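Novice: Here is what each chain is made of, one letter per residue.
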Amino acid sequence: DAKTTQPNSMESNEEEPVHLPCNHSTISGTDYIHWYRQLPSQGPEYVIHGLTSNVNNRMASLAIAEDRKSSTLILHRATLRDAAVYYCILRYGGSQGNLIFGKGTKLSVKP
Amino acid sequence: DVKVTQSSRYLVKRTGEKVFLECVQDMDHENMFWYRQDPGLGLRLIYFSYDVKMKEKGDIPEGYSVSREKKERFSLILESASTNQTSMYLCASQGRNTGELFFGEGSRLTVL
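As given, the protein sequences belong to chains A and B, one line each in that order.
Offset between the first sequence (1-based) and my numbering: plus 279.
Offset between the second sequence (1-based) and my numbering: plus 34.
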């Protein structure tokens, strides 16, 4: 699986939008972009994934650059419960099996 | 709500003890995984299974074994626990038609 690069940490204020960036310059045409997050003392949980088009779900939005070399996870209104480590992962489309979790971005949310 | 349940959130064991970590999923998933997570090292895959009675080694299988006698249950076994196996252990399951992993809450094991 191709490599991703994320900032180690970010801070946000409560009720403000948060944009979490991810660079994946070596992405291949069949790689999906997955995002997971891990709350303190919990296992990781799925957030969202996409291939080319922007995606929205109840948790977040995923904005994918036109050249697909970067993407941004958007939390529209951060809450204290969104404080977590966010992982951006590439996965070959249609495959199953292990996901390789990097170090992710630790998001802190201030009241 | 889909669920992956790990038997114990916290365990304390002594060096040399045999340790069983149990994981049960209620989603009828074929694939199940065991990871350990350590500060600065991220999640590392220990073993995984794509079907009942099947098992495959992950990146760090040494000192561990697994058992998958039923589809819903995947057990991690430490035959003789050592202090370097003190860690957070995470179980996950995955359906064959989707790449999404569902994780349990984790089991924090301390070996004294």
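If you're looking for bench data, these hints aren't it; they were derived computationally from the structure.
Bear in mind that the values here come from a model prediction, so they are computed numbers and not experimental data.
Please note that a few of the clues may not be correct.
For lysine to any residue, the following SDA-like pairs were computed, each having C-alpha atoms within a straight-line distance of at most 20 Å [what the hints assert, rightly or not]: (1) A/LYS385 <-> B/LYS87; (2) A/LYS385 <-> A/ALA339; (3) B/LYS87 <-> A/GLY376; (4) B/LYS37 <-> A/LEU318.
Sample of chain B residues lacking proximity to chain A, with all beta carbon distances greater than 12 Å (derived) [unchecked claim]: (5) LYS47; (6) ARG48; (7) PHE54; (8) GLU56; (9) VAL58; (10) ASN65; (11) ASP93; (12) GLU103; (13) LYS104; (14) ARG107; (15) SER141; (16) LEU146.
From the three backbone atoms N, C-alpha and C, an ideal C-beta is built for every residue, glycine too.
Novice: Would you mind marking each hint as holding or not holding in the structure?
Specialist: These are the hints, each one checked on the structure:
The straight-line distance between the Cα atoms of A/LYS385 and B/LYS87 is roughly 38 Å, outside the 20 Å bound, and the hint therefore fails. For the proposed pair A/LYS385 and A/ALA339, the alpha carbon gap of about 16 Å is at most 20 Å, so the pair holds. A distance of roughly 17 Å separates the Cα atoms of B/LYS87 and A/GLY376; the hinted pair therefore holds under the 20 Å criterion. For the hint linking B/LYS37 to A/LEU318, the alpha-carbon distance of about 16 Å falls within 20 Å, and the restraint holds.
At roughly 20 Å from the closest C-beta of chain A, the C-beta of B/LYS47 stays outside 12 Å, upholding its exclusion from the interface. The Cβ of B/ARG48 sits about 24 Å from the closest Cβ of chain A, beyond the 12 Å cut-off, so the non-interface label holds. In this structure B/PHE54 is separated from chain A by more than 12 Å, as the shortest Cβ-Cβ distance comes to about 19 Å. No Cβ of chain A approaches the Cβ of B/GLU56 within 12 Å, the least distance being about 15 Å, so the stated non-interface status holds.
No Cβ of chain A comes within 12 Å of the Cβ of B/VAL58; the nearest lies about 14 Å off, and the non-interface call holds. For B/ASN65, the requirement that its beta carbon stay farther than 12 Å from each beta carbon of chain A is not met, with the minimum near 6 Å. Remark: the non-interface label on B/ASP93 conflicts with the geometry, its nearest Cβ contact in chain A lying 9 Å away (cut-off 12 Å). Remark: the non-interface label on B/GLU103 is consistent with the geometry, its nearest Cβ contact in chain A lying 22 Å away (cut-off 12 Å).
Every Cβ of chain A is farther than 12 Å from the Cβ of B/LYS104; the closest lies at roughly 20 Å, confirming the non-interface assignment. Separation of B/ARG107 from chain A is adequate, the least Cβ-Cβ distance of about 17 Å exceeding the 12 Å criterion. A cut-off of 12 Å between C-beta atoms contradicts the statement that B/SER141 is not in contact with chain A; the least separation is 10 Å. Annotated as non-interface, B/LEU146 keeps its C-beta farther than 12 Å from every C-beta of chain A; the closest such distance is 21 Å.
Of the numbered hints listed earlier, those contradicted by the structure are 1, 10, 11, 15.
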